[in-house]
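J.: Residue strings, one per chain:
Number of protein chains: 4
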Amino acid sequence: MKFFSDNAAAVHPYVWEAMQAADAPDAAYDGDALSRRLDEAFSTLFGTECTALWVATGTAGNCLALSAMVPPHGAVVCHREAHIEVDEGGAPGFFTHGAKLLLADGEGAKITPDAIAKVLDPIRNDVHQVQPHAISITQASEYGRVYTPAEVAAIGALAKARGFGLHMDGARFANAMAQLGCHPGDVTWRAGVSALTFGCVKNGGMGAEAIVFFEPGLADVVRYRRKRAGHLQSKGRYMAAQVLAMIEGDLWLENGRAANAAAQEIAAACGARLMHPVEANEVFVVLSPAEQAALHAQGFDFYDWPAPEGAAGAARLVTAWNSEPAHVLALARAIAAL
Amino acid sequence: MKFFSDNAAAVHPYVWEAMQAADAPDAAYDGDALSRRLDEAFSTLFGTECTALWVATGTAGNCLALSAMVPPHGAVVCHREAHIEVDEGGAPGFFTHGAKLLLADGEGAKITPDAIAKVLDPIRNDVHQVQPHAISITQASEYGRVYTPAEVAAIGALAKARGFGLHMDGARFANAMAQLGCHPGDVTWRAGVSALTFGCVKNGGMGAEAIVFFEPGLADVVRYRRKRAGHLQSKGRYMAAQVLAMIEGDLWLENGRAANAAAQEIAAACGARLMHPVEANEVFVVLSPAEQAALHAQGFDFYDWPAPEGAAGAARLVTAWNSEPAHVLALARAIAAL
Amino acid sequence: MKFFSDNAAAVHPYVWEAMQAADAPDAAYDGDALSRRLDEAFSTLFGTECTALWVATGTAGNCLALSAMVPPHGAVVCHREAHIEVDEGGAPGFFTHGAKLLLADGEGAKITPDAIAKVLDPIRNDVHQVQPHAISITQASEYGRVYTPAEVAAIGALAKARGFGLHMDGARFANAMAQLGCHPGDVTWRAGVSALTFGCVKNGGMGAEAIVFFEPGLADVVRYRRKRAGHLQSKGRYMAAQVLAMIEGDLWLENGRAANAAAQEIAAACGARLMHPVEANEVFVVLSPAEQAALHAQGFDFYDWPAPEGAAGAARLVTAWNSEPAHVLALARAIAAL
Amino acid sequence: MKFFSDNAAAVHPYVWEAMQAADAPDAAYDGDALSRRLDEAFSTLFGTECTALWVATGTAGNCLALSAMVPPHGAVVCHREAHIEVDEGGAPGFFTHGAKLLLADGEGAKITPDAIAKVLDPIRNDVHQVQPHAISITQASEYGRVYTPAEVAAIGALAKARGFGLHMDGARFANAMAQLGCHPGDVTWRAGVSALTFGCVKNGGMGAEAIVFFEPGLADVVRYRRKRAGHLQSKGRYMAAQVLAMIEGDLWLENGRAANAAAQEIAAACGARLMHPVEANEVFVVLSPAEQAALHAQGFDFYDWPAPEGAAGAARLVTAWNSEPAHVLALARAIAAL
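Residue numbers (the working numbering), protein chains in the order written: chain A, 1 to 338; chain B, 339 to 676; chain C, 677 to 1014; chain D, 1015 to 1352.
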């Protein structure tokens, strides 16, 4: 019974079908009919003209997007626990050719205009200090917290006022949207987002994410950077097929909802153990080493997590689009029984 | 009837099967059972202990391998028409952080110790000039020519004498091996190759190549660089499945043989039109614009190619593992009838 | 009466003389007789065989040294307020091709093995997280604090145990040595320092620092990197002349002592205003805006500084080798009179 | 009697004087009065508003300028024997973060629109090939040849039509202007040059060149890049002093004329030995090894040079602003007597 990562979940049958339907020969790279359909499909989804490029990983998506917003001598403001800072093996430094990440604090791995200002204010506008050129936020955040449209818009306004790009890491964008219930445009371009890494892999895809550009010009640069980074796959039609299978119907949202519902079921059993409100598909809970061992012994797989102050241990429980109801129920009961 | 690129061919049924068999959840990234089997599978194939990492594209494979051999202030010697120089959108400069490619000449896009020496000899060993640290060759070459074991070994000896790494771009390694009939170790580690980009995508794979390291130490660096380049896919088991499907049986060789045989059938019809001996799955032929138009009118798809001196036009015809015999026969007849 | 930076001080007459004596034509770059004398001069000074390269700025010196210790996918541990983090315009990211700085805390901008461990311990040794390869400390620190030989040795032991390089930013190394009174080897190579940026510019030089390498191999890389960074000046003899003028006699130490003595004189007048013990040539003092204005009105130039908690303002007072005794006395009196 | 490089020549007395006059403390970096005078001084010299930044070396000047014109995924067209390609230790790759140099041919190390077109025409405008963004020419060229205003303007027109930047490496700009006798604006901004590296070091300076920007915007980027490259010297007033001493009077032109005249005197003695017309301060001559030895034996220092086809040897003779008339005469006579 696996709750260690949505990364490990199987590929959704619709995605398989779409990939197999792409088996007929077509033009190489992104010249095929499916890849050429991406812009329109995302424009429909977001209710505005946008450009979309497939890419194999969220790390590549995030960092390619940032590389078009930030010069090598610039910086990106993000949360201290953002994936780009903590878990991408230095990819931002690679793709941006050495730009810096400036780290803001904030509850639940979310940042606010105030937290951003605390980072920006001490920076003198001179050549001795690295100047910020973009902000990156994660939707849903690394702690499964969701930015409301108003929260994003407040950051978007700050970004606009300073001439910064605003990037959204949407590895779990579907989970955030399932929670918010609003139009996907409301937390992205209408709120000032310049580019979104639209996650599919954690949500039933195999190896394709999309970078969605709401600002003309960014995509033109990233097209070259994607090839230069070895991310322009020659059989791109299988990449496009995955993405289209997710977004041309409601699959992305349905999968997001399913994972969120499973998380809620577990959360309900956790009570005061919860370290963060559960708004997506991640549940962070205080669990002592002994309690963790007990759960492991019952067949539950999950990662431990740094314990909050005063606690002996903690764990991260992640649900997926295909978390089996019986497993979810079993886990909820097991935790309640601790 | 498509002869424009082996990149466009369908995925082989065995590869599909292997990918689907990987659908069960397993550890993320390359911690899964399939990814962990790669080293052994390639060690068996090559008859020596080696380390193998999957990666989505040949460009990423080539450039990650080079990035472990060459410091940013160094250089790589390759053929003037090598894929890394001509067709990778500057990826070598990106992955090596600005190292140079030093361009050697040679018939059929192959280089020799003499051609390499012509590049190396004028370089003064001082800080004003960029110093070479590696050599890269392509097997089969960009013109479908094959290096014999002795030819590789001669280059390997030069590399060893100078302390250089030797990289082999094996996007069409299967086609080369189908032609050579020797042991794969004979043209790689026994001949001094440090790392090989083992191509699968042009040979019936979907989006997975392998970098095979014959020198301990190189892989240790590339593991970090792969993640940093956004190439560590989270559902790596689908990548490993593709590669294993190719090499744990004879699929890679069979596919290479099938494509080569189709190329030979076409070549036999080309006579004096042939621009290069056909040793793999590419046929370069002199075809006037009118002749090209005539073939296009009959339903044959292919790319034109820069005409050799004295000719009015030329074309590149590429076969694949699944080139249909009827199409191949039709093309051969059509050319013969020109 | 200028106390804003030792960077602004005049060039020492001996340095001028040495530069003018270098006016006779000699070999270009670093092939001249003076440049070739550097290794020996520093070996004598430090009591061990070492290699020294001149370079125009401390930023270049620090970052070239680090670039030889840290791969692009690696990281350097330094203090949160280190010059390389705060004041070099992102140069570490440029010279190391995107490596990260990992920020440790510590009183007086000094770090300890414990503070370093706090940074290192949470880093998992996997490819998702950037791995540290070096430590950089500043002697004297950005707050004019000095590491004792034992303190450096403790960090050196940690570095050695982990296989890290240890870099010392010695922009004010002379001031530190003037304070310590020990042998310069005691706080460098004997304590595990791999490379030292030996500052001259703040200490009476014009535009030449030296990178002193105590580990064979590092200098060999930096020679190429220095040229590649445009830092190999063609009339290098004027660079070498400056450095030799400083170190072939006691000039460097005398100048350091003079600046330190001036700082002590001011410090003695500051009493409880002092924010840090004064161990070099910088005095950080609590001064309200009104007090600052009063001093400015009396003709004293200095930079304001972020106020410590509970204070209304602060300032940084920097002395130099040539701070005029009358000015120093005047400033001390003026502060005492506040 | 030294004819090996103008790099080795002494510093001109006026430059010494100007540097010594800068000894009074002033603001650090480029905030001093002299540095702040550069823009105006160059604007007067070139007859148009321009921005100028000092930098220690031609390599840094060239590559910083290019880094503002070319993205990391782009390319620069230059001559196959351009200094940036052959003699800067890979600095263009470093400063541009991996952009390529595309090599054009041309007599005397000069390029023409036709030669540039030969490089550009085969480049497909797709992501697989590195796209050019700038052209760099050297005035006077690496073989001492000079571009006329019309020749530069023709290249400038091509650059403008393609949206490229046009960089001029003017390490020997003074020698070129001494030969041309036209207004310096005629071969620079009026002819479409975006940025010029204005050389001083080979012409009597010590360690300061200027990058002159004729396009607003480029300098704004380079200010940050200069600091990030460790090229913002803290005692910048000594840099500015050198440059101003050269250009606020006629010193730069007088020195250029003196060096050129010496070269003409030698050239007149060379007759059919000349490999290139002598238009600046370099004389390339066919000299057999025996003849070279004979000249060396008479006390003449110079570098040998790759022999042209059919010749047994060659040499490069370089004059400087302070070549002693007696030495020049002696060399001319010695060559004539061979």
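Warning: the hint list may mix true and false statements.
[What the hints assert, rightly or not] Distance condition first, Cα-Cα at most 25 Å in a straight line; then the derived SDA-like pairs of lysine to any residue:
(1) C:Lys794 with A:Gly47
(2) A:Lys2 with B:Leu441
(3) A:Lys118 with C:Phe976
(4) A:Lys2 with B:Gly369
(5) D:Lys1174 with D:Arg1204
(6) D:Lys1132 with B:Ala359
(7) C:Lys794 with A:Val221
(8) C:Lys678 with D:Leu1352
(9) D:Lys1016 with C:Lys836
(10) A:Lys160 with D:Gly1231
(11) B:Lys340 with D:Pro1320
(12) D:Lys1174 with A:Val221
(13) C:Lys678 with C:Asp702
(14) C:Lys794 with A:Trp305
(15) C:Lys836 with B:Pro554
(16) B:Lys340 with A:Ala27
(17) D:Lys1174 with D:Gly1231
(18) B:Lys498 with C:Pro892
(19) D:Lys1174 with A:Gly313
(20) A:Lys118 with C:Ala990
(21) C:Lys794 with A:Asp304
(22) C:Lys678 with D:Pro1320
(23) C:Lys678 with D:Ala1047
(24) A:Lys118 with C:Asp896
(25) D:Lys1132 with B:Asn463
(26) D:Lys1132 with B:Leu441
(27) B:Lys456 with D:Gly1122
(28) A:Lys2 with B:Asp361
(29) C:Lys678 with D:Arg1204
(30) D:Lys1132 with B:Val624
(31) A:Lys118 with C:Ala826
(32) D:Lys1174 with A:Leu338
(33) A:Lys2 with A:Asp220
(34) B:Lys498 with C:Asp896
(35) B:Lys456 with D:Pro1320
(36) C:Lys794 with A:Gly313
(37) D:Lys1132 with B:Asp558
(38) C:Lys836 with B:Asp558
No lab work stands behind these hints, which were simulated from the structure alone.
J.: None of the hints should be skipped; say for each whether it holds.
T.: To see whether the hints hold, each was checked on the structure:
Restraint check: the Cα-Cα separation between C:Lys794 and A:Gly47 comes to about 47 Å, which exceeds 25 Å; the hinted pair is violated. Between A:Lys2 and B:Leu441 the alpha-carbon distance is near 52 Å, which puts this suggested pair outside the 25 Å criterion. Straight-line distance between C-alpha atoms of A:Lys118 and C:Phe976 comes to about 31 Å, which puts the hinted pair past the 25 Å bound. Of the pairs offered as hints, the one joining A:Lys2 and B:Gly369 holds, with about 15 Å between alpha carbons and a cut-off of 25 Å not exceeded.
Simply put, D:Lys1174 and D:Arg1204 have alpha-carbon atoms about 12 Å apart, close enough for the 25 Å limit, and the pair holds. Proximity of D:Lys1132 to B:Ala359 is assessed by CA-CA distance (about 52 Å); at most 25 Å being required, the pair is judged violated. With a C-alpha separation of about 40 Å, the suggested pair C:Lys794 and A:Val221 falls outside the 25 Å cut-off, and the hint is violated. Among the hinted pairs, C:Lys678 with D:Leu1352 is inconsistent with the structure: their alpha-carbon atoms are about 63 Å apart, more than 25 Å.
Between D:Lys1016 and C:Lys836 the CA atoms are separated by roughly 49 Å; this puts the pair beyond 25 Å, and the hint is violated. Restraint check: the Cα-Cα separation between A:Lys160 and D:Gly1231 comes to about 21 Å, which is no more than 25 Å; the hinted pair holds. Between B:Lys340 and D:Pro1320 the CA atoms are separated by roughly 51 Å; this puts the pair beyond 25 Å, and the hint is violated. With a C-alpha separation of about 21 Å, the suggested pair D:Lys1174 and A:Val221 falls inside the 25 Å cut-off, and the hint holds.
Pair hint C:Lys678 plus C:Asp702 does not hold up; C-alpha atoms about 38 Å apart against a cutoff of 25 Å. For the hint pairing C:Lys794 with A:Trp305, the CA-to-CA distance comes to about 17 Å; that is within 25 Å, so the pair holds. In summary, the hint linking C:Lys836 to B:Pro554 is supported, as the alpha carbons are separated by about 23 Å, within the 25 Å threshold. Distance hint between B:Lys340 and A:Ala27 is fulfilled; the C-alpha atoms sit about 10 Å from each other, no more than 25 Å.
About 16 Å separates the Cα atoms of D:Lys1174 and D:Gly1231, which keeps this hinted pair within 25 Å; it holds. Simply put, B:Lys498 and C:Pro892 have alpha-carbon atoms about 23 Å apart, close enough for the 25 Å limit, and the pair holds. Among the hinted pairs, D:Lys1174 with A:Gly313 is inconsistent with the structure: their alpha-carbon atoms are about 64 Å apart, more than 25 Å. Between the alpha carbons of A:Lys118 and C:Ala990 the distance comes to roughly 20 Å, so the proposed pair stays at or under 25 Å and holds.
Restraint check for C:Lys794 and A:Asp304: the C-alpha separation of about 20 Å stays at or below 25 Å, so the hint holds. Distance hint between C:Lys678 and D:Pro1320 is unfulfilled; the C-alpha atoms sit about 56 Å from each other, more than 25 Å. Only pairs whose Cα atoms come within 25 Å are accepted, and C:Lys678 paired with D:Ala1047 is accepted, the gap being roughly 16 Å. Distance check on the hinted pair: A:Lys118 and C:Asp896 sit about 43 Å apart at the alpha-carbon level, beyond 25 Å; violated.
Simply put, D:Lys1132 and B:Asn463 have alpha-carbon atoms about 31 Å apart, too far for the 25 Å limit, and the pair is violated. Note on D:Lys1132 and B:Leu441: the hinted pairing holds, with a Cα-Cα distance of about 18 Å set against a maximum of 25 Å. For a cut-off of 25 Å, the pair hint linking B:Lys456 to D:Gly1122 stands: about 22 Å separates their Cα positions. For the proposed pair A:Lys2 and B:Asp361, the alpha carbon gap of about 14 Å is at most 25 Å, so the pair holds.
A threshold of 25 Å between alpha carbons decides the hint, and for C:Lys678 with D:Arg1204 the separation of about 44 Å lies outside it, so the pair is violated. Proximity of D:Lys1132 to B:Val624 is assessed by CA-CA distance (about 23 Å); at most 25 Å being required, the pair is judged to hold. Distance hint between A:Lys118 and C:Ala826 is unfulfilled; the C-alpha atoms sit about 37 Å from each other, more than 25 Å. For a cut-off of 25 Å, the pair hint linking D:Lys1174 to A:Leu338 is broken: about 73 Å separates their Cα positions.
With a CA separation close to 40 Å, the supplied pair A:Lys2 and A:Asp220 exceeds the 25 Å bound. At most 25 Å may separate the alpha-carbon atoms for a hinted pair to count; B:Lys498 and C:Asp896 meet this at roughly 21 Å. Restraint check: the Cα-Cα separation between B:Lys456 and D:Pro1320 comes to about 14 Å, which is no more than 25 Å; the hinted pair holds. With a C-alpha separation of about 19 Å, the suggested pairing of C:Lys794 with A:Gly313 holds against the 25 Å cut-off.
Of the supplied pair hints, the one linking D:Lys1132 and B:Asp558 is violated, its CA atoms being roughly 43 Å apart against a limit of 25 Å. Proposed proximity of C:Lys836 and B:Asp558 is supported: the alpha carbons are some 21 Å apart, at most 25 Å.
Hints 1, 2, 3, 6, 7, 8, 9, 11, 13, 19, 22, 24, 25, 29, 31, 32, 33, 37, counting from the list given before, are not met by this structure.
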